[in-house]
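Use these hints to put chain B with the ligand onto chain A, whose structure you have.
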Amino acid sequence: MATEINVNGAATSSDWQDRYYHVDQILDRPGPRTDPSFLAGDEVKDFLRNKCKILVIGAGGLGCEILANLALTGFKDIHLIDMDTIDISNLNRQFLFRPADVGRPKAIVAAEYVMKRVPGVQVTPYYGKIQDKGDDYYLQFNLVICGLDSVEARRWINATLVNLVDPENPESLKPLIDGGTEGFKGQARVILPTVSSCYECSLDMLNKPTTFPICTIANTPRLPEHCIEWASVLEWPRARGDEKLDTDDPEHIGWLYSIAVARAKEFKIEGVTWSLTQGVVKNVIPAIASTNAIIAASCCNEAFKIATSSAAYLNNYFMLIGTEGVYSYTFEHEKRDHCPVCGGEALEMPISRDWTVEQLIELLTEKQNIQIKKPSLATPGKPIYFQQPPQLEEATRPNLEKKVLELVPDGGEVVVTASTLPFSLSLIITYI
Amino acid sequence: MIKIWSMKKNEDAATKKRPKTSAAQIRVQKDLTELDLPPTMKTNFPDPTDLLNFTLTITPDEGMYNGGAFTFSFTINTNYPHEPPKVKCMQTIYHPNVDLEGNVCLNILREDWKPVLNLNSVMVGLQYLFLEPNADDPLNKEAAEELRKNREQFLYNVKTSMRGGNIKGVTYHKVLV
Ligand SMILES: [Zn+2]
Chain A
1 MATEINVNGA
11 ATSSDWQDRY
21 YHVDQILDRP
31 GPRTDPSFLA
41 GDEVKDFLRN
51 KCKILVIGAG
61 GLGCEILANL
71 ALTGFKDIHL
81 IDMDTIDISN
91 LNRQFLFRPA
101 DVGRPKAIVA
111 AEYVMKRVPG
121 VQVTPYYGKI
131 QDKGDDYYLQ
141 FNLVICGLDS
151 VEARRWINAT
161 LVNLVDPENP
171 ESLKPLIDGG
181 TEGFKGQARV
191 ILPTVSSCYE
201 CSLDMLNKPT
211 TFPICTIANT
221 PRLPEHCIEW
231 ASVLEWPRAR
241 GDEKLDTDDP
251 EHIGWLYSIA
261 VARAKEFKIE
271 GVTWSLTQGV
281 VKNVIPAIAS
291 TNAIIAASCC
301 NEAFKIATSS
311 AAYLNNYFML
321 IGTEGVYSYT
331 FEHEKRDHCP
341 VCGGEALEMP
351 ISRDWTVEQL
361 IELLTEKQNI
371 QIKKPSLATP
381 GKPIYFQQPP
391 QLEEATRPNL
401 EKKVLELVPD
411 GGEVVVTAST
421 LPFSLSLIIT
431 YI
Chain B
1 MIKIWSMKKN
11 EDAATKKRPK
21 TSAAQIRVQK
31 DLTELDLPPT
41 MKTNFPDPTD
51 LLNFTLTITP
61 DEGMYNGGAF
71 TFSFTINTNY
81 PHEPPKVKCM
91 QTIYHPNVDL
101 EGNVCLNILR
111 EDWKPVLNLN
121 SVMVGLQYLF
131 LEPNADDPLN
141 KEAAEELRKN
151 REQFLYNVKT
161 SMRGGNIKGV
171 TYHKVLV
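Quick note, the sequences are listed as chains A and B, same order.
Per full-length UniProt numbering, the first sequence runs over residues 1 to 432.
Per full-length UniProt numbering, the second sequence runs over residues 1 to 177.
The shape of chain A in the complex, shown without the other chains:
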């Protein structure tokens, strides 16, 4: 019985005949565009189906699509992180969830669903924050795919993967595939940490969240959004003092909603609803299932190509603009030389154990290949010596006479900023 399907059984027993017939057309023989390192046949199939470990970050609109695509193209060892629980408003597009799942963690429900539906796939969920995990966790993966709606989370994972790159260990370089959507617009990109342009390199290109002038909110509201911002920006601190607004707390959203409704009534503005209130305060970007599907599919195709070397992968930024007809283009986003995350390089600085901070600063200002005017120094935790502002200069001045060794451990980092540096310089201090 070749068609016996062993739900959640071992990979081998669940692979029925011709399960991967179509995918194998690509993996069984090289083509004109395949990478020279492509090993057609069993070896690449074994890597994809038995060895490749992939991490999916986000189990929302994009994440559900990504998970389904990966499982159906033959990835078998998938890990999934998401910190949210399922809200009823997710059900319109996050198709791995049903009404009975409302309130349960997205990562766990999505993992269960995909494992049930796609035999032999192991999805390991983690219900929590990406920041809970350390380098050891991220080092175990071959690839990372992100389907997030938060700039902050993306900046974090990008910096983490860039920092993970260890010159002594080729395995430490983890390709990052990032997808994002906004209404009919979306982008997919491939980031090879330290090799190609990173997320931080392109931060200036981002649309920033829509905000309204505070005086418009205060005096001349015209839109329902103005009333909601009035409630959250002005009335919340006025009425609730230092209490922190928790955008996931229904009581907080309810309070804002009732205030915004009253405001809207006063100014004869229509359209303040509970979901708009939640959308404005959480800065929810309109999500369209089909745009998510296009972007998730692009991301997963890139993951497949990178994992198998079976075809040329995206270099490096794909943009989809569906707001005026359909326009898409692909370009190579250039690495920013002075990117604070991947730009420049850390300079190894071997110094004597009894050098003072002042001597280190002198070296930085005098050394031919550096020549920094008025450098300010800090460890990742706190200032060592700051040239400005006056209070911090005074507070850090006593450090000038201290030994560097008292402030920076062997192999420790010092971030140097100065107006003559376009961004910053990192020193790795070693003692001789």
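Do not take every clue at face value.
Unchecked claim - Pair ranges (Cβ atoms, derived):
(1) F423(A) with I108(B): 47 to 57 Å
(2) T420(A) with L155(B): 42 to 52 Å
(3) I167(B) with D84(A): 41 to 51 Å
(4) G165(B) with K133(A): 51 to 61 Å
(5) G103(A) with Y128(B): 49 to 59 Å
(6) N66(B) with A289(A): 52 to 62 Å
(7) T55(B) with T330(A): 17 to 27 Å
(8) E366(A) with V124(B): 27 to 37 Å
(9) V124(B) with E401(A): 48 to 58 Å
(10) N283(A) with Q91(B): 26 to 36 Å
(11) K133(A) with P115(B): 26 to 36 Å
(12) F184(A) with R151(B): 47 to 57 Å
(13) D84(A) with R163(B): 35 to 45 Å
(14) F184(A) with N66(B): 52 to 62 Å
No lab work stands behind these hints, which were simulated from the structure alone.
Fair warning: this is a prediction, and the values are worked out from it, not measured in the lab.
The C-beta atom is built at its ideal place from N, Cα and C for all residues, glycine as well.
Frame of chain A; chain B with the ligand shown alone:
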């Protein structure tokens, strides 16, 4: 898997391990250590090792607010400079662009913020509000109305408020130095 490492080898030795300092933190360090403030502005760090929370005191040496000292709190989050710093006036002051809760109407603090702007631009922008209060972007509507209709009365109200006086039932903080 594609062989990325070989591509990396082709790049000139840019293979050093990068530091752990967050991009936001480096950016704040850069902004602060390159501040170029006139003597009329002074920062204060309650905890000199915490660069993300501090105050700025502005003591205008000309204009209608000459002689006062106005203090603003700055709170910077880890998404800086994607998001602007949060700035509030810590005193109750009589100013058309600052409300009684300390909210400030300054375009670059909200709708016109861009990551290329920095803390220096924000501070200079705040000082400008004291030199040129703007009746067109009112947060304190009565003050804006007064400035527009009767500049003499507005000036008188500013002086009264700065002494800690009462205007139309509101008692203002004494900010004279
Ligand atoms: Zn970068």
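Consistency of the hints with the structure:
1. F423(A) with I108(B): 47 to 57 Å: violated, 21 Å
2. T420(A) with L155(B): 42 to 52 Å: holds, 44 Å
3. I167(B) with D84(A): 41 to 51 Å: holds, 48 Å
4. G165(B) with K133(A): 51 to 61 Å: This hint holds: roughly 57 Å between Cβ atoms.
5. G103(A) with Y128(B): 49 to 59 Å: holds, 50 Å
6. N66(B) with A289(A): 52 to 62 Å: Given range 52 to 62 Å: holds, Cβ gap about 60 Å.
7. T55(B) with T330(A): 17 to 27 Å: This hint is violated: roughly 48 Å between Cβ atoms.
8. E366(A) with V124(B): 27 to 37 Å: holds, 33 Å
9. V124(B) with E401(A): 48 to 58 Å: Given about 35 Å between the Cβ atoms, the range is violated.
10. N283(A) with Q91(B): 26 to 36 Å: holds, 31 Å
11. K133(A) with P115(B): 26 to 36 Å: holds, 27 Å
12. F184(A) with R151(B): 47 to 57 Å: Distance hint for F184(A), R151(B) holds at roughly 51 Å.
13. D84(A) with R163(B): 35 to 45 Å: violated, 53 Å
14. F184(A) with N66(B): 52 to 62 Å: holds, 53 Å
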